[in-house]
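Take the given structure of chain G and dock chain H to it, following the hints.
If you read the protein sequences in the order shown, they are chains G and H.
Just so we're aligned, residue 1 is where the first sequence starts under our numbering, counting upward by one.
Just so we're aligned, residue 1001 is where the second sequence starts under our numbering, counting upward by one.
These aren't lab readings, by the way, just hints derived from the structure by calculation.
Note that this is a predicted model, so its numbers are computed, not measured.
Don't take each hint at face value.
As the list claims (entries may be wrong) - Here are the simulated SDA-like cross-link-like pairs (lysine to any residue), alpha carbons at most 20 Å apart as the crow flies:
| id | chain 1 | residue 1 | chain 2 | residue 2 |
| --- | --- | --- | --- | --- |
| 1 | G | K344 | G | F102 |
| 2 | H | K1178 | G | R226 |
| 3 | G | K74 | G | L230 |
| 4 | H | K1263 | G | N97 |
| 5 | H | K1242 | H | P1106 |
| 6 | G | K342 | G | M35 |
| 7 | H | K1263 | G | K342 |
| 8 | H | K1254 | G | F102 |
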Amino acid sequence: MTLGSFIVRNTFRNKRRSLLTMISISFSLLLLTLMICIWRSFYVDQVAPEASRRLIIRDRVSLAFFLPAYYRDKIRSVPGVTAVVPMTWFEGRYIDNRAEHFFARLATDPDEYLKVASDKITPPDQVKAWQQDRAGALVDVTLADKYGWKLGDHVHLQGTIFPTDLDLTIRAIYHRDPPQNALYFHTKYLEEAVPWFKGQAGWYAAQVDSPDHVAAASKQIDDMFRNSPLQTKSESEKAFQLGFVASLGNVKAFILGICGAVMFAIMLVSANTMAMSVRSRTREVAVLKTLGFTQQRVLSIFVSEAIGLAVAGGLLGVLVAIPVISGMTHRFIGLGIPLDMKVKWPTAALAMLVAAILGVVSGYLPAYRASRMNIVEGLRHIG
Amino acid sequence: MAIPISYNIRNLKLRKGLTVMTALGIALTVTTAIFLMALVAGLNRAFVSSGSKLNILVLRKGSESELTGGFDAALFPTLKVLPGIAKDSHGEPLASGEWNVVIVLPRKDGTGEVNVTVRGMMPDGLEMRQLPGADGKPSVKLTDGRWFETGQREVVVSKSIRERFAHANIGDTMEFGKGSWKVVGVFDAGGSAYESEIWGDVNQMASDFDRQGGFSSAYLRATDPIAAEALKNRVSDDQRLKLDGLIETDYYAKQTSSGTPIKIIGIVVAIIMAIGSIFAAMNTMYAAVAYRGREIATLRVIGFSRPAILTSFVLESLILALLGAALGIVLMLPFNGMQTGTSNQVTFSEVVFALRITWSVAFAAVCFALVMGFFGGLAPAWHAARQNILNALRG
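This is chain G alone, in the form it adopts within the complex (with noise of 0.2 Å):
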């Protein structure tokens, strides 16, 4: 019998308590795999390419405040602009205020809107068809799905922030990787109803040529408009979007927290299963070393075991965690939450070192402990 064959038929000696280790660690490298996916969402991956050349342009004090429609042709001017749309939010009501009934719901401009959104796949026709209709709307296909929708239908807003109902028929449908929950209508059909609206965008979307000049425009933006009545605060979409996120609260610390949370639980089921497993062994020990068995030896054949134990935990933590994270993002992406969440190799790999490197630090002091035990003592032991 060889050492390593010896160390992995003694880790699953005690079946069922190396189960439940195993199934105990397990869980709580699932939660460790889901909050590094959200660090990684949130703070690590890159946008994909057509995003990362998006800019979001809006009133530098608030985004409750409105930007003059004559800025749109100015940031036009700005060099390596190719596209810029007005979006305004406008919030509203479908059917009822429950969260499942929520969905982003934008006034923008039609004819030049996909060019800046290039990541957003619809049919020509059916584009065309958007842009002639003024009462028309462009939808995600999971929204369609979700509500039955299909081109043609209508779909009536009722208004919160502006004081008008709208009766939209849907004349698009788009694609888009990961799907989005949002519907889109003319801002010009918005300006009708609500004559004070007229000549104002909630803000201003654009697309610049090339990612290396997203810094250099958005600079140019704002310092064109830093003597206008309304300053500007031009940003990438994926800075955008990193706000609202920090607008919910300390999330770093809070993910931080939970991850230390996790790892200390792990550590203390580990060793406590190594303590067990020591006290059960304590003759067998005592055998080994009666046998030519070195104080070292002894020490990292119970080390292995706790790495061991740690490992299959982690493996089946993480195997857990691709289904459930899929599941969560698609939910997410449901309640309009645009968290795009997938188990990568390093997020996997990262989570199972952390769990040998927990096995290590709480299988030490058991180890150590038998390898020192005095061999007289220990065969006399009776337990």
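This is chain H only, laid out in the frame that chain G set:
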């Protein structure tokens, strides 16, 4: 006959290391759950304790928050003469037309920018909020400096705004709108939604944000609760006005929905951690049962029934869980009162609130731990009760 609990307690004491580690594991899960529950409790308190039952908030019909309100200032004189409004210190109706805007301020600790509500109000607005509410306490209290003066570019900030944002001390100037504003006072709003606001003169604010000639909301002070109800209906039913009247406390109670994201995250995290803890507790209890095989058999021989043994082991697991819950609550107590903020989903600005470990949070934590203990202990206890006496005695 039941096995006395002291038997279980002695056993837990005997295996100290194991007991403490398992309890710590449960405590960790309980701590996380308490933290999330305390966040939600604090947030709910911020909204539930906000406003007065005597204040009527007037918004444009169909609008759901002060931020998206907005009506013609010409309607205000009509509102002011409605019956049932209390008199202010000058003998005039106690009513205030207000402007609510959201501005962006950088956090002091450099963790990003936050939307903060700025409220412009009339002198009556200040007077109204210092009157005792239904619970006998005023909505706000001045703690430092003085109130802003009408016609001046002055603001007063809440205690927590002063703590969380730069340039918010008395004597500092804040930059927003078309220029700078001098901070002249600090008020304490007792953890309510006002705790997240900056107040100034309504006309100064309106001109800075180009909103002259309108108000985003109006506040009317009713003489008594019955008059408040009547006033609310009067405002809503008047066809000329096209406005909605709301009791201020009802308006804030609706905003508790802002806690939903925290609640969802909290439930997911707590459940996953709880399942992990249940398996860990199960492990400990199986070890306890295995270790005491002969003892259990002896108990059976003496005449203790299977149900008695089952109950005894489940009880032991529950005691273990209680220990964990107690430990978890003690670990979390230092965080009680810690201030944090989240996005208010109705007003689109940050709401500041304090972590609150209330009795109901503690009670929920204990129940949560007991559920973990019960499920963790059930299978091992079942195993113990079903053991074959002869085999177990032979060990």
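### Task
Give me the numbers of the hints this structure contradicts, sorted from smallest to largest.
Failing hints, ascending: 1, 5, 7.
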